[in-house]
Amino acid sequence: MQMWDGRNSKIPPGGQIFLVVFCSAPAVAQTAAPPLSPTNIFAPASTPANSIFELSIFVLAVTAAIFVVVFALLAYSVVEFRKRNNDDGHEPPQVYGSNQVEVAWTVIPILIVVALFMATARVIADIQKVSPPANAIEVVAIGHQFWWEYRYAGLHVVTANELHVPVSDPQHPTPTFIKLLSADTDHSFWVPRLAGKTDLIPNHPNNMWIDPHEPGLYLGQCAQYCGTQHAKMLLRVYVQPRDEFDRWIQQQREPASTSDVVSEGRRVFETTACISCHAVAGTVANGRFGPDLTHLMSRETIAAGAARNNPENLRLWIQKPDAIKPGSLMPAMELTDRELDAVTAYLETLR
Amino acid sequence: MSTDSITWPQAETAAHPFVDKLHEWVTTVDHKRLGILYMVYAMTFLLIAGIEAMIIRIQLIRPHNDFISPQVFNRLFTMHGTTMIFFVIMPFMFGFANYLIPLMIGARDMAFPRLNAFSFWMTAFGGLLLYFSLVGANGLYGAGNAPDVGWFAYAPLTSRTFSVGHSTDFWTLALLVSGFGSIGTAINIIATVFCMRCPGMTLAKMPLFAWLNLVMAGLAILAVSPLTAAQIMLLVDRYLGGHFFDTQAGGSAVIWMHFFWVFGHPEVYILVLPAFAFASEIIPVFSRKPIFGYPVMVGATVAIGFISMSVWAHHMFTVGMSAAANNFFVISTMAIAVPTGIKIFNWLATMWGGKIEFKTPMLFCVAFLFQFLIAGLTGVMQGAAPFDWHLGNSYFVVAHFHYVIVGGILFCLFGAFYYWFPKMSGKMYSETLGKLHFWLFFIGFHLTFDFMHIPGLLGMPRRIYTYEPGRGWDTWNLIVTIGVFFQAAGILVFLGNLLWSYSRGKAAGSDPWDAWTLEWSTPSPPPAYNFFVIPTVKSRRPLWDLKHPADPDWEFE
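Protein sequences appear in the order of chains D and C.
Start counting the first sequence at 0; every next residue gets the next number (numbering that gives the first Met the number 0).
Start counting the second sequence at 0; every next residue gets the next number (numbering that gives the first Met the number 0).
Take the hints with a grain of salt, since some may be wrong.
[Said to hold, decoys possible] Straight-line distance between alpha carbons at most 30 Å, and here's what the computed BS3-like set of lysine-lysine pairs gives:
1) Lys82(D) <-> Lys505(C)
2) Lys82(D) <-> Lys426(C)
3) Lys426(C) <-> Lys20(C)
4) Lys20(C) <-> Lys204(C)
5) Lys82(D) <-> Lys354(C)
6) Lys537(C) <-> Lys434(C)
7) Lys537(C) <-> Lys204(C)
8) Lys20(C) <-> Lys82(D)
[As the list claims (entries may be wrong)] Some chain C residues close to chain D (C-beta under 10 Å, calculated; not the full set):
9) Ser158
10) Ser224
11) Ser321
12) Ile355
13) Leu372
14) Phe386
15) Glu467
The set of hints was computed from the structure by calculation and includes no laboratory data.
The beta-carbon is built from N, C-alpha and C at its ideal position, and this holds for glycine as well.
Construct the complete structure from the given sequences, taking the supplied hints into account.
Here it is, written out as structure tokens:
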């Protein structure tokens with residue numbers, strides 16, 4: 000399909016200076032997180048983000064040119080036509096207008112608008128009018144207050160907050176198509192280096208696609224105000240080489256590990272309110288209100304990226320979620336120290 | 000010349016001068032007094048919403064700051080936005096329109112003086128209702144709280160599932176009530192402009208100020224009505240079991256967005272057209288030339304009015320519209336840049352060849368031209384839908400609309416305050432303090448809003464109460480917050496200047512700027528009936544004709 004051919008980008012000269020300032024990663028090697036910001040919109044690493052990048056450079060060049068011309072005219076008139084100290088006190092010549100110049104500064108902007116529109120319409124088509132190829136990965140992303148649920152259609156994998164996708168080699172593209180749903184309020188999926196944002200709106204399914212060219216961790220966060228903890232609804236997309244991704248899928252399909260050592264913790268978990276919201280595959284815990292915990296320990300973060308996934312944070316999160324994410328819907332579980340230790344120990348076995 | 004004996008004879012025999020004075024102001028139907036009431040009211044809310052903005056910026060000064068809680072932050076940005084749009088800029092604009100339109104078209108009052116008073120009090124009570132949420136919103140639960148759904152209050156966050164208590168109801172009712180006030184004022188402006196012009200003043204000889212406010216009023220009727228309808232639907236959803244926006248029961252969250260933005264985008268022009276009106280009066284007078292291309296300016300205004308009704312969904316490029324719909328809103332959004340550009344060029348041509356005098360009002364208007372140019376160009380960037388998939392809902396868009404509202408509208412408003420303060424108060428303001436205000440505010444504005452674009456380009460979404468370190472946003476946010484304090488200092492100088500000048504300023508005389516429109520032919524402040532004799536005009540600049548009998552405008556227009 001034409002869309003995955005790495006289209007060579009022609010960058011107009013106006014954008015060159017801008018590129019130096021903003022686009023820290025050179026167009027070829029975009030592996031490492033760029034030094035300016037890991038969420039820089041001018042460091043694209045995927046085809047849709049790259050199409051937008053090329054359009055944005057064109058639009059920036061055109062608007063910068065308009066700015067320079069009009070700014071110069073304004074500055075000139077302000078300086079040149081200011082009232083002098085030796086003014087003779089007469090009124091300047093009274094000019095009422097000129098149809099010729101009015102026509103000129105109407106027609107030229109219209110032509111510019113037409114050019115901008117054509118360029119824009121083309122990119123809209125490039126990104127929106129694409130259907131998934133047979134080997135595409137299909138993921139359903141469901142926005143919740145204030146976390147992300149991911150369901151890999153056909154692969155029987157359910158996970159939360161950390162999306163894993165394979166690298167898409169331009170020669171053998173394996174793009175990921177994401178269906179966007181919401182369980183409650185509006186959210187928006189925005190990982191700037193991979194694609195523009197698309198909203199997750201209840202009762203209004205949306206679609207987007209990415210085809211990351213390089214492995215790595217790509218960051219973003221919810222970009223549509225969704226309630227108290229909108230700020231800590233962070234996005235983490237792990238782009239992996241194909242074999243690594245396949246291993247990850249394999250591992251996520253395993254049933255939850257069981258161990259007699261932590262049976263106390265498991266008992267506490269399964270007899271308190273935990274299971275109303277959380278699921279652990281193969282156990283009585285089948286809640287869907289909160290993240291699936293079957294392979295909790297395979298994730299690097301908890302609380303939608305708000306904290307690193309380590310025993311101390313896990314314990315704190317169960318005991319006092321407000322310390323990490325005030326206003327999140329995870330309730331403080333009010334467990335005794337012993338129960339807390341046991342549950343934490345149990346969760347640490349969910350690899 | 001005293002006019003008190005004519006208008007308010009009871010004032011001199013009053014036993015309780017303060018109570019009587021208050022009674023006069025509360026019961027007034029005089030367009031000038033209502034105009035001033037609007038401005039005092041808007042000024043009060045400007046201070047309140049400004050303080051809210053300062054608290055927001057202090058919270059964002061560094062990552063993981065905990066100056067305020069997320070709940071408080073969400074309430075603050077909701078209240079800041081709602082207040083600034085509905086209870087600061089709109090009342091300011093209505094205040095100036097009220098005060099100036101009858102004076103400029105040679106009328107003795109607005110067409111419907113009582114409707115005028117009714118509209119003001121509706122707007123005023125709307126604002127009070129919004130802030131009463133701080134006391135009343137949680138009802139029997141105890142302490143109240145302010146709305147926290149954002150100023151465009153996207154469904155289903157406003158449903159009772161996600162918004163318990165009454166804070167959203169206060170928000171809804173405040174906008175509903177003030178909306179009736181806005182529609183009343185809009186009807187009044189249209190009727191006044193069409194029916195109350197003095198002899199000789201055809202529509203083509205009306206000051207641009209009146210033209211721009213006429214188009215603004217037309218837009219207000221068209222735009223505020225859907226907002227009012229949406230608020231009623233929301234109330235039906237919340238209390239009568241409706242499902243308009245209830246997504247759990249098959250309602251549509253997107254339809255709320257359409258309703259809101261079909262109001263929300265024309266609203267931008269409702270706010271900016273009066274700002275254009277100020278610039279169109281101030282720039283000619285301080286350039287000593289008539290406005291360049293008057294008929295084109297009128298045409299461009301009407302064009303903006305029409306096109307602005309068809310661009311609303313550019314606020315919704317990220318909600319997943321079809322490619323065809325996206326294309327339509329791209330072209331309409333970019334098209335509106337054309338008449339807006341024409342306006343900038345005409346103001347530029349008005350200055351060209353003139354003798355520009357940089358008094359405070361003109362300083363603000365010149366800064367407006369530069370800043371509005373930038374605001375327009377960043378608007379074009381976001382009009383390119385795919386670019387907006389990045390920029391929308393990021394700090395870039397926050398910077399953009401503050402460039403419009405502060406850099407464009409508020410700068411013009413300050414210019415208008417300095418320009419017409421001598422007329423309204425009869426006193427001259429302090430030019431030194433005026434320039435100090437200008438430079439403080441100018442520096443603060445650029446520190447805050449120039450640098451605010453950058454975190455948006457680096458992926459910072461709006462409406463987050465805190466942010467992660469290591470995203471490259473820290474320095475920019477620090478600079479942005481520093482700028483706020485310069486702006487606050489500027490506002491304090493401004494208020495000080497107004498208060499000091501009102502009590503100590505030199506008498507201004509009727510025409511301190513050697514200007515050309517009819518309001519400058521009346522004494523300062525004008526008497527209650529405005530004109531001793533209703534004037535007759537022959538051109539767009541009646542006072543120019545009077546001052547230059549050998550070279551009158553009507554021979555050339």
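So, going through the hints one by one against the coordinates:
Between the alpha carbons of Lys82(D) and Lys505(C) the distance comes to roughly 24 Å, so the proposed pair stays at or under 30 Å and holds. Of the supplied pair hints, the one linking Lys82(D) and Lys426(C) holds, its CA atoms being roughly 25 Å apart against a limit of 30 Å. Taking the CA atoms of Lys426(C) and Lys20(C), the gap is about 21 Å. The hint holds against a cut of 30 Å. For the given pair, Lys20(C) sits about 38 Å from Lys204(C) by alpha-carbon distance, which is inconsistent with the 30 Å threshold.
With a CA separation close to 4 Å, the supplied pair Lys82(D) and Lys354(C) stays within the 30 Å bound. In summary, the hint linking Lys537(C) to Lys434(C) is not supported, as the alpha carbons are separated by about 36 Å, beyond the 30 Å threshold. As the CA atoms of Lys537(C) and Lys204(C) are separated by approximately 8 Å, the hinted pair is consistent with the 30 Å bound. Note on Lys20(C) and Lys82(D): the hinted pairing is violated, with a Cα-Cα distance of about 44 Å set against a maximum of 30 Å.
The criterion of a C-beta within 10 Å of any C-beta in chain D is met by Ser158(C), whose closest approach is roughly 9 Å, and the hint holds. Violation of the interface hint for Ser224(C) is found here, the shortest Cβ-Cβ separation to chain D being roughly 25 Å, above the 10 Å cut-off. Residue-level restraint check for Ser321(C) holds (minimum Cβ-Cβ distance to chain D is 8 Å; threshold 10 Å). The beta carbon of Ile355(C) is positioned within 10 Å of a beta carbon in chain D (closest approach about 5 Å), and the interface hint is therefore held.
Below 10 Å, beta-carbon pairs count as interface contacts, and Leu372(C) has one with chain D at about 6 Å; its hint therefore holds. At a threshold of 10 Å, the smallest CB-CB gap from Phe386(C) to chain D is about 5 Å, leaving the interface hint in force. At about 7 Å, the closest approach between the beta carbon of Glu467(C) and any beta carbon in chain D falls short of 10 Å, and the interface hint on this residue holds.
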